[in-house]
Every structure is written in structure tokens, then in C-alpha cells.
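As you go down the protein sequences, you meet chains A, B and C in turn. Per my numbering, the first sequence runs over residues 33 to 343. Per my numbering, the second sequence runs over residues 624 to 987. Per my numbering, the third sequence runs over residues 10 to 390.
Worth flagging that the hints you see were computed from the coordinates, not collected in a lab. Since we're looking at a predicted model, the values are computed, not measured. All C-beta atoms, glycine included, are put in the ideal place defined by N, C-alpha and C. Among the hints, erroneous ones may be present.
As the list claims (entries may be wrong) - The list that follows gives simulated cross-link-like pairs (lysine-lysine, BS3-like), each with its CA atoms no further than 25 Å apart:
1. C:K302 with C:K77
2. C:K297 with C:K351
3. C:K297 with C:K331
4. C:K305 with A:K164
5. C:K385 with C:K74
6. C:K312 with A:K164
7. C:K146 with C:K172
8. A:K164 with C:K265
9. B:K653 with C:K193
10. A:K164 with C:K38
11. C:K382 with A:K164
Stated by the list, open to error - Derived contacts from chain C toward chain B, CB cut-off under 10 Å, selection only:
12. F183
13. P295
14. K297
15. P364
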Amino acid sequence: MSGAAAAAVPGCAASMTSDILLQFCVAGVTYGVIYGVVAIGFTIIYNTTGIINFAQGEFLMLGAMTAVTLQRFVPLPAAILGAVAITMLVGAALEVLFIRWLTRPSVLRMIMITIGLSIVIREVALHVWDEKSHALPYFTGDAVSALTVAGAKISPQVLWVVGVCGAMVLLLGLFFHATPLGRQMRACASNRDAARLCGINARNMVTLSFVLSAGMGALAGCVVSPITFVQYDSGTALAIKGFTAAILGGLGSTAGAAAGGVVLGLLESFSVWFLPAAYKDAVAITVMLGVLFVRPTGILGNAEAARLRGH
Amino acid sequence: MGGRWRGIGFAAGLAAAVVAVQLAASAAHKVFYLTQLTMAAYSLLVVLGLALLMGYAGQASMGQAGFFAIGGYVAAFLTTRDLARFKDGTPFRILDHANLLVTRGDGMGGTLTHLHPWAAALLAVVSAAGIAWLVAGPVFRLRGHYLAMATLGFGIIVHRIFLASPHFGGADGISDVPPLALFPGFAVTGRATVRVANYYAAWAVVLLALWMLTNLIGSRVGRALRAIHGSENAAASVGVPIAAYKTRVFVLAAVLAALAGVLATHYNGGIGPSEASVMKSVRYVAIVAVGGMANFHGAVVMGTLLTFLSLRGYFGTLDDLVFGGILLAMMLFAPEGIVGAALGSRVRALYGRRRRDADDSTAA
Amino acid sequence: MRRMRNLVVTTACAALLAAFPAAAADTIKVGAILAVTGPAAFLGAPEAKTLEMLAAQVNAAGGIKGMKVELLIKDSAGDAEKALSLAKQLVEEEKVFAILGPSTSGESMKIKQYMDENATLLLSCAAAEAITTPVLKWVFKTPQNDANAVRWIFGDIQKKGLKKVGVLNSNTGFGKAGRGQLEKLAPEFGIEIAIAEEYDKAAVDLDAEVTKLKAKDVQAVINWSIEPAQSKVPVSVRKLGWNVPVYQSHGFGNVKYAEACGPAAEGVLFPAGRLLVADVLPDSHPQKALLVKYKKDYEASAKEAVSTFGGHAYDAFTLLMKAIEIGGPDKEKARAALENLKGFVGTAGIFNFSPQDHNGLGMDAFEMLTATKDCKFVLAR
Numbered sequence: 033m034s035g036a037a038a039a040a041v042p043g044c045a046a047s048m049t050s051d052i053l054l055q056f057c058v059a060g061v062t063y064g065v066i067y068g069v070v071a072i073g074f075t076i077i078y079n080t081t082g083i084i085n086f087a088q089g090e091f092l093m094l095g096a097m098t099a100v101t102l103q104r105f106v107p108l109p110a111a112i113l114g115a116v117a118i119t120m121l122v123g124a125a126l127e128v129l130f131i132r133w134l135t136r137p138s139v140l141r142m143i144m145i146t147i148g149l150s151i152v153i154r155e156v157a158l159h160v161w162d163e164k165s166h167a168l169p170y171f172t173g174d175a176v177s178a179l180t181v182a183g184a185k186i187s188p189q190v191l192w193v194v195g196v197c198g199a200m201v202l203l204l205g206l207f208f209h210a211t212p213l214g215r216q217m218r219a220c221a222s223n224r225d226a227a228r229l230c231g232i233n234a235r236n237m238v239t240l241s242f243v244l245s246a247g248m249g250a251l252a253g254c255v256v257s258p259i260t261f262v263q264y265d266s267g268t269a270l271a272i273k274g275f276t277a278a279i280l281g282g283l284g285s286t287a288g289a290a291a292g293g294v295v296l297g298l299l300e301s302f303s304v305w306f307l308p309a310a311y312k313d314a315v316a317i318t319v320m321l322g323v324l325f326v327r328p329t330g331i332l333g334n335a336e337a338a339r340l341r342g343h
Numbered sequence: 624m625g626g627r628w629r630g631i632g633f634a635a636g637l638a639a640a641v642v643a644v645q646l647a648a649s650a651a652h653k654v655f656y657l658t659q660l661t662m663a664a665y666s667l668l669v670v671l672g673l674a675l676l677m678g679y680a681g682q683a684s685m686g687q688a689g690f691f692a693i694g695g696y697v698a699a700f701l702t703t704r705d706l707a708r709f710k711d712g713t714p715f716r717i718l719d720h721a722n723l724l725v726t727r728g729d730g731m732g733g734t735l736t737h738l739h740p741w742a743a744a745l746l747a748v749v750s751a752a753g754i755a756w757l758v759a760g761p762v763f764r765l766r767g768h769y770l771a772m773a774t775l776g777f778g779i780i781v782h783r784i785f786l787a788s789p790h791f792g793g794a795d796g797i798s799d800v801p802p803l804a805l806f807p808g809f810a811v812t813g814r815a816t817v818r819v820a821n822y823y824a825a826w827a828v829v830l831l832a833l834w835m836l837t838n839l840i841g842s843r844v845g846r847a848l849r850a851i852h853g854s855e856n857a858a859a860s861v862g863v864p865i866a867a868y869k870t871r872v873f874v875l876a877a878v879l880a881a882l883a884g885v886l887a888t889h890y891n892g893g894i895g896p897s898e899a900s901v902m903k904s905v906r907y908v909a910i911v912a913v914g915g916m917a918n919f920h921g922a923v924v925m926g927t928l929l930t931f932l933s934l935r936g937y938f939g940t941l942d943d944l945v946f947g948g949i950l951l952a953m954m955l956f957a958p959e960g961i962v963g964a965a966l967g968s969r970v971r972a973l974y975g976r977r978r979r980d981a982d983d984s985t986a987a
Numbered sequence: 010m011r012r013m014r015n016l017v018v019t020t021a022c023a024a025l026l027a028a029f030p031a032a033a034a035d036t037i038k039v040g041a042i043l044a045v046t047g048p049a050a051f052l053g054a055p056e057a058k059t060l061e062m063l064a065a066q067v068n069a070a071g072g073i074k075g076m077k078v079e080l081l082i083k084d085s086a087g088d089a090e091k092a093l094s095l096a097k098q099l100v101e102e103e104k105v106f107a108i109l110g111p112s113t114s115g116e117s118m119k120i121k122q123y124m125d126e127n128a129t130l131l132l133s134c135a136a137a138e139a140i141t142t143p144v145l146k147w148v149f150k151t152p153q154n155d156a157n158a159v160r161w162i163f164g165d166i167q168k169k170g171l172k173k174v175g176v177l178n179s180n181t182g183f184g185k186a187g188r189g190q191l192e193k194l195a196p197e198f199g200i201e202i203a204i205a206e207e208y209d210k211a212a213v214d215l216d217a218e219v220t221k222l223k224a225k226d227v228q229a230v231i232n233w234s235i236e237p238a239q240s241k242v243p244v245s246v247r248k249l250g251w252n253v254p255v256y257q258s259h260g261f262g263n264v265k266y267a268e269a270c271g272p273a274a275e276g277v278l279f280p281a282g283r284l285l286v287a288d289v290l291p292d293s294h295p296q297k298a299l300l301v302k303y304k305k306d307y308e309a310s311a312k313e314a315v316s317t318f319g320g321h322a323y324d325a326f327t328l329l330m331k332a333i334e335i336g337g338p339d340k341e342k343a344r345a346a347l348e349n350l351k352g353f354v355g356t357a358g359i360f361n362f363s364p365q366d367h368n369g370l371g372m373d374a375f376e377m378l379t380a381t382k383d384c385k386f387v388l389a390r
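Please model the complete structure; the sequences and the hints are all you need to start from.
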């Protein structure tokens, strides 16, 4: 995979100086928070329904693509808000149309359904938009503007990504712990039947979980699109990495999902230094298989809690 | 109907249809249809194995394309690598002595000495079986979503390896794969002159696989599989060795997929990394779903129809959408498949019980 | 009962499919296998649009040799197996006169043997040298050879007096072939490739990879890729505050890629066909009129900027038309005409075919181009 004659042994010849280390950290954290948001999206839906929503990555793609279209007509902030709202509606529609009326479906069936949804959304996006890459403009600055912090170059957009995603995670935590609705969702997550006995409308909680996941995903997709660009098939790779992050942190724990995302992002980033860069995409899959085979409950997961949930 | 003659009705009907189609095609001078029907037949082998795994044993696998690719790539690799450089070594001389080496022109004016296609095919299938056996252990300790993702991850890793490795031709894959001589006078190859013979050979393999699998299902093994599918705890409590059965079925499905890969590679004269892609795996799953999860007959009919139309470009730019949409629609509205449950009321009752049990138990 | 039903259904389907309309006598069927959707859609989509536009133009002008062109575009989605199936379908069932495409090297390699054995012309729009080396009687290709692109790049580096370079390439056939040529030709120019890294064609960010190159203190960066991800390399280089010259391959030949770089596009150097700078060519240049017309027509009909990828399809189509014009609607005569065609003006360059050279383009098919601050392509001087 590395060139035969001329390439030096990757990574080992030059030593990693502190600014290079920091540069890799910045790259790792940038993608880490994105994976974390996708992972949190998985976790929210999983907690209320027991379903892994393979179409999670598509929410990011839809948010970004919709915003790109909208911002031709309205200013950027309005476009982003509009895109988030539309994607939330799509999330709700998915739940109502495809999930809600299923009676006690088997896990296998749900897996197939969400995979089918993911493919259909992707292909419809291809025909609604096109095959090209799109991006929102940089929120502040441009593609090459960069702040220098301790020798590392950080794009202002990275600060937006970390800031917005971080804020989303914090707000979500506040929502779950400090608002009645959020507490109801948590009740539904830990024991659906008991929650129903208390008068909580479980079905609405499920819809809400899809809406939340979709909205968070859409916003994350918008804020990261200037750096990464987005095209109709961007969702699939993100879903796989988000799933890896979710199980790394222990499926069911939103804090774990966020942490898992950052860890995965850093692992991917640093792998480029120590291994040939060609292996970068294998890192996420390897981590996923490693977690699945060795410790399915994840690093932060609780085996007891997982068993109680019936896995 | 019992014993070794189970399913003879469908098989006879299928055989008759195969012959009828060939005669019709030849009479109408549309022999080219047979090409896509032959390729569809190969993909049926993957689908049948997956139907056994998913439908009967209840284990999801999103990575069957990986085994198809392993079979195809190993066969392609071994029949296109020139071994002449090693001609002074002992292994070479042993192979030569055993008549396992073949020399042919390499299309560029030189000669190429490689492993006999038969030996390569055997090695390919054995490698796939071996890898399946190794992977089955860790994979089957998982359930539900985790199991599906693990098989998906396996498929992706296989895809990445074939895509990245220069030994396997990287993104361009391997071309110039020679024909696979099955008997004296007949070889698996895409050449127009032997198109009809290849068509019959492919469908003969499918019929053989169908016969074997139908008998497997009717036997004690089949009942054990259905028991495992229904409730693993119950099956274990009556002494069914769960892990062993799951592994064997996984390996069998992998062997069928690898066999399909070998035959298709020789037929097409090459293979590329897109054969191991996630979309290919999803297509196989979609066909099993639409045929009716545990329904070999449905899988054969729908698999042939869908693959044939897809290969002809009938779905145009909506190809992936069609397969994804079919998977979605089937799983939403007809989890038992479109061709109807073929197993009779007894198993349908079992299915009803399985559906009710599935959410209470930890089984997939 | 069920098996009877299955049998009847299957035979009925077979009978239905066996019915097929015959082609009209005064048309000439031209097939095209393109990756209109799928991972190579950025190649196949502009190619398909170009072919449709050209076929409509030819038919509006009365056709070729009095025959209308019936263009059959099939979408292979970049899948080699499907490409082969479609090729067989086009040749045997539709009885096409020739096939244009496929869009990618992998697909072209898979079908070229079949095309040659079935004596039907293939004009591939894919770049790999292996498509026409060794030469197969019926197989031609229209994109330039990457070895020549490499020579242009290395020539420029040598002129700048630089010796140590870093290479990045995507993991596609195009990227790997380019890297292979770079490694092969580097010693000829006294250039050392100090580090070479491969990245996934769908990579979302290349900061880490570029940082690794920067740590090696190379004097220039060469990026070989044809996907949108290639725009990320100049962006990363400039963002990291690194001032070395950045070279792209001829896969950069779409102004959208420059726009995707934003301000980082400025100063990026790449060899490309003259299509992208058609307006600034002197009027006396043999390619100018054709390039300007293609650009105008394409941008009007497809409503997007012209790219060199569509240009390869343009060349394939116009070469085929020329071959039919000279040799008539006879496959062998058209083939011979094509094989001996000299001085044919196309978008990629001026084609000079011969029985030993089924590509027909040399070093002079390229110009060294660069991009300006506002993401326009100009000649690099």
C-alpha cells in the first residue's frame, strides 16, 4: 500500500513534535464531535425504541443538502434553521410512516427496515439533488483562514463545529435531566411499560426521539459541511462510524456516545501518523469489530444494565 | 413427500422452465438473454445460502458479498499469477508432478504458468470456508443488531482489503482470468460459442444446491435449525448444540457464496472490488426478503427476476433505489415474502409463535 | 399447484421477453456504458450529458451519412460486472455499431477483451494506459496518458530546482496508476519521492495526511486523484500555513474543483487539456474554435460548467463520427479509418492514431494550467 521504493517508513522517521501532535488532536476532535453527534442520535432512538436507526447518517446529509438549497434564497442562519426544521419533520415522518404501526417486530425485521430506509433516502436525495459535492459557505472566514494555537492551525469552522456540537450535547443533557419532557423520555427509555402506566404517552416519546436525533444530525451536518463537503452518499460512512462510537461508549449512554465519538475521531486521526494513511478508513471498522467481539457493552457501558435491557 | 425426494416438484418445474427458456431464446435468436440468466443463476447460489442462514437459522448476515469476493479473488489470483519464477523450488516441482500446473499464453506474447483452475477453485472455496469458520465463533456470540453490524463490518473489511491490495489489482481488480474446465470439452467461460452449455451448467449447479438444501431442511439438521431460530434457550435445553449448528450453517452459506464467486469470475473473465461492496450484500438480503425469508423457491424466482432485470439495466439509474425500496416494502408489509410461505401450515404456526416469542427472548 | 404456477409464470415471462422490436433500417446504433450514478457519477454524468447533446446536434443536421444516430446510454453505476453484462447486451442484442465509454478504468479493463473478440469498436473514456497497452485491434481510448501528465509535472518541478516531493493519491484506479507513473518516472528527473500516502476517495478531511507530509519537509506536494476529495489537499496545505507548490493531476479538470478550494486554489498547478482555457487561446490555435463551441453548447444545455471529463466523451463521439464518415457504416472499415486517423482535433488534444497507438495523444495534448484567486483556470506562465 505504501510506495515501494521511495516512501519512508511511515511516521517513525520523523518524531512527532508538539505542534504536530496538537494538529492531529484538532483533526481528531473535529471529527470526533461529529461522530459523537451521530452516536448520540443512535442512542436517543435506541433508548426509546430498542431500534438501531441505520438511516441516522442520512439526517446529517439531508440537513446539509437542504441548507445548501435554502441558502440560495434566504440568508445562511435562516437556511440552517429551515434545514433543521425540515429534517426534523422528515424524522417524524419516518417514525410515523414506517415504525409506529409495526406490532412487535423482530429485531431482524427492524434492521432490514432501517437499512432499506437509509438506501431509499440516499437514492431519492440523488435524484432530488444531484451527484455533486455541495457545501455551505464558511460561517466565518474562508477555507484557508486559520488561527494559530500553540503551533497548530485551527480553522474557525472547527471552532464552530466543536462549539455547536458541544452546545447541543450540553443542552440535550439539560433537557433530559431538568425538563419534565426530558425526564419522561428517560423514564420511557428505562422501562417503557412502567412509563406508560404513569401516563406517559410512549408513542409520542418515540416520535420525539426521532425528531431530536434528526434535528441534532441536521445541525451537525450543516456546521461541518464547509470542511467536509456533502454529497448524496455521505450518510452511510457516517452511520457506520457513529455506530462504532455509540457502542464504544456503551450503547444506551449519551455521555458514552459523545466520549466514544471523540475517542474514535482521535484514533482515526493518529492512525494516519503511525500507519499508512490508506488504512485510515479501516480504523473505524476495526474498532467496531474489536468492541463487538471483545466488549460489546463498550468502554463506558454497564454490563448489568445492558442485560437488564435484554441484550 | 419425504426423504431424498423432497421438493422434487419445484425442482422439476424449474428444470422444465430452464429448458423452455433456452429453447425459446434460441428459436427467437435471442441467445444473449442466456448470459444474464447465467449470471443470475450464480448469484442465486449466494441467495440460497443466505436464505438458509437468515430464513431457517435466523441469523442475519450483511456480509455475504465478502465471501463471494473471497472465492472469486482467490480463484482469479491463483490463475493469473505466474509461478514460473519459482520453477526451481520444491513446491513448484511437486505441483508440476501432480499435474496441477497449466501453461498458457498471457496475451502479451509471453507465457504464464499458473495453478490449474480446478485446484484454484478448490483452494478458493476452502479458504472461504476456513475464514467463515474462524469468523463464526466471535460473530455468533453476538445477537440482533450487533450480529448484523459484525457481519457488515466483515464485509467492509474484505472490500477494503481487496480494494487496497496491489496483489489483488487494487481498484481495477483482476482481469484475464482463464476458463474453468469442468469436464473435458466444457469450460466455464463467457465465450459466445459455449453460451448455451454454460447456461445449463450454471442452472444445474443451482438445482443441485437447491436439492441439497431442501434435503438439509427436511432432515434432523433442518429441524434443529428451526428450533434454534424459534428459541435458542428451548433448543439448547433439548440438547441441540447451538454454536456448532450456527457455525456450520454460516460456513455452508459462505461455501455457496464462494462457489458462486469462483464460477462468476471464470465466466466473466475477471473480478473487481465492487463485488464485495455493501450494496451487493444488501441486494442479496433484499432478494431473500422478497422471496420470503425461509423460502428457497421464492428466493429462486425473485432472485432470478430481479438480478436479470438489474443486469440488463432495466431499472436504469434507479437500480439501488429499487433494491432498497423492495427491502423496505417487504419488511414493512410482507415479512414472509411475496411468493408466499412455502413450508406449509406447520411452519407458519411455528413462525407465529416465533414472532410472539422473539420479543420476550434474547434470540435474534 | 404452486409449482405449476411457478412454471407457468416463468415460462410466460420468458416468452414475453423474447418479443422485441426490430431496429429501424436507416439509423446507426451507438451504445454508451457510463457511470451516470454511483461512486463515479462525477465522470459519467457530464459524459452522458455531452453525448446526448452531440447526438441531438448530429441528428438535427441530418445525421451521419444519411443515417440518424440512435444513442443508447446504459448506466453501469461504476460496477464492472454490470458493465460487462451491458456490453454483451449492447453488442449482441442491440447490435450496436460501437460502444463509447466506460467511464472508469476498472470497467474498461473488464470489457475490452469481450469487445475485441466480438469485433466491435470500443472508445473508452477512461484514463488507464493499460486499456490500450498492449494494443487490441478494436479498443481505443480518448483521455491523455498519465505518464505524459507526470512528465509535465516533473518537468515543472525540475525547472523550479526542487528535488524532494511528497505524493498523495486516492485509492481509485486513476489515483494508483498516477502514483505508479510518478514513482516510475521520478528518477528520470532526479526527483526523490520522500513520502507517498494513499487516501480513500471519499475522504472528508485530509489535514492529518497533509500534516504527515509536512513533517517530512518536502518541497512540493503532488496530489493524484479524480474525485471531489482532491480539493481538500490544497485547502489543507494552505490552511496549515505551508507555502510549497501544490500540483494536481489532470483529474482536476473541472472548475468546480477549483471553486471547492476557495482561496487555496490560487497557484495550484496541473496539466490539462486546453478546454478549460479555451477563451484565452490564440484564435489561430487549431483547437480553439471547437473548444469554444463545445463550452458554449454544453453550458447552455447542461447548465453547468464544462469539464475535461465530458470532453473525453466528446472526443469519443466525434472520433466515431469521423471514422464512420471515412469508412462508412462498415465496422472493419470504420475501425481501419480510425486507426489511421491523423491530425484529428479533439477537446483533449490533437489525435494521431496508428496501429501501435490507440490513444493518439502525446505530451502536447497538455498545457500547464493554474487557478487564480477567484477560482478561474488560466495558463500557467
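Status of the hints after comparison with the structure:
Distance restraint check for K302 of chain C and K77 of chain C: the Cα-Cα separation of roughly 22 Å lies within the 25 Å cut-off, and the hinted pair is therefore satisfied. Proposed proximity of K297 of chain C and K351 of chain C is supported: the alpha carbons are some 18 Å apart, at most 25 Å. Distance check on the hinted pair: K297 of chain C and K331 of chain C sit about 19 Å apart at the alpha-carbon level, within 25 Å; holds. With a C-alpha separation of about 21 Å, the suggested pairing of K305 of chain C with K164 of chain A holds against the 25 Å cut-off.
Restraint check for K385 of chain C and K74 of chain C: the C-alpha separation of about 40 Å exceeds 25 Å, so the hint is violated. Between the alpha carbons of K312 of chain C and K164 of chain A the distance comes to roughly 14 Å, so the proposed pair stays at or under 25 Å and holds. With a C-alpha separation of about 41 Å, the suggested pairing of K146 of chain C with K172 of chain C is violated against the 25 Å cut-off. Our distance criterion of 25 Å between C-alpha atoms is met by K164 of chain A and K265 of chain C, whose separation comes to about 9 Å.
For a cut-off of 25 Å, the pair hint linking K653 of chain B to K193 of chain C is broken: about 48 Å separates their Cα positions. Restraint check for K164 of chain A and K38 of chain C: not satisfied, since their Cα atoms lie roughly 30 Å apart, outside the 25 Å limit. Proximity of K382 of chain C to K164 of chain A is assessed by CA-CA distance (about 22 Å); at most 25 Å being required, the pair is judged to hold. Interface restraint check for F183 of chain C: the shortest CB-CB distance to chain B comes to about 8 Å, inside 10 Å, so the restraint holds.
Taken as an interface hint, P295 of chain C does not check out: its beta carbon lies about 34 Å from the nearest beta carbon of chain B, beyond 10 Å. Checking K297 of chain C against chain B: minimum C-beta separation of about 35 Å lies over 10 Å; hint violated. Taking 10 Å as the C-beta cut-off, the interface hint given for P364 of chain C is violated, the closest approach to chain B being about 16 Å.
In the structure shown, a violation is registered for the earlier hints numbered 5, 7, 9, 10, 13, 14, 15, in ascending order.
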